[in-house]
Amino acid sequence: MQIGNIKVRVTAITVAVFLFFIALIAVYVFISGDVRALLWALPAAVMLLLIPMALNYMSQKQYASLVPVYEVEAKNARIREINLNRLGEPVRIKGVVERVYFQFLNRPQYLVADRTGEISVKMFTSPTEDIHEGDLVEVLGTVVKRYILAGDAVINCVSIRKVKKNQQS
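All residue numbers for the sequence shown refer to numbering that gives the first Met the number 0, where the first residue is 0 and numbers rise by one.
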């Protein structure tokens, strides 16, 4: 689904939960004969779809508004240069996606590598385009700690997009 220039995505888990509750409602109405339950049950089930869609739209819109800022402020970096001394700094890296995690939750994490090392890239909404293992990507984001008080440096991603092989520098 597209609203303006923002592609709203619903996860398979969200759809599965919605269908599960629709099935439960149907079984309840069939067994009890209480058709009036549909007055509250169907709108409640629809909200199981609408709320995640609204949250995805809002986060997509917020991230889209941050991309121009990061385009200007982010400094090009090699992965080996990213460490805890650069916390809070906007960075731009280019590399190859080695692994993709949690894409089914609309909270994907990527393991991106260049010739100098690899780093975890976390995104808290779905990216504008589908990213898979082996894709050459450009990442814009902020250096943060993996965990709040401890951990190694990771990138909190604002934008991840595919680049062509001849664009890599």
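The set of hints was computed from the structure by calculation and includes no laboratory data.
Any given hint could turn out to be false.
[Stated by the list, open to error] No more than 16 Å apart at the CA atoms, straight line, and that leaves these computed lysine to aspartate or glutamate pairs for EDC-like:
{"hint": "1", "residue 1": "K161", "residue 2": "E80"}
{"hint": "2", "residue 1": "K161", "residue 2": "E132"}
{"hint": "3", "residue 1": "K163", "residue 2": "E117"}
{"hint": "4", "residue 1": "K93", "residue 2": "E80"}
{"hint": "5", "residue 1": "K164", "residue 2": "E137"}
{"hint": "6", "residue 1": "K121", "residue 2": "E72"}
{"hint": "7", "residue 1": "K93", "residue 2": "E70"}
{"hint": "8", "residue 1": "K164", "residue 2": "D113"}
{"hint": "9", "residue 1": "K6", "residue 2": "E137"}
{"hint": "10", "residue 1": "K163", "residue 2": "E88"}
{"hint": "11", "residue 1": "K6", "residue 2": "D33"}
Evaluation of the provided hints:
no. : hint          : verdict
1   : K161 <-> E80  : violated (22 Å)
2   : K161 <-> E132 : holds (11 Å)
3   : K163 <-> E117 : violated (20 Å)
4   : K93 <-> E80   : holds (13 Å)
5   : K164 <-> E137 : holds (11 Å)
6   : K121 <-> E72  : violated (19 Å)
7   : K93 <-> E70   : holds (14 Å)
8   : K164 <-> D113 : holds (13 Å)
9   : K6 <-> E137   : violated (20 Å)
10  : K163 <-> E88  : violated (26 Å)
11  : K6 <-> D33    : violated (38 Å)
Violation of the numbered hints given earlier is confined to hints 1, 3, 6, 9, 10, 11; the remaining hints are satisfied by the structure.
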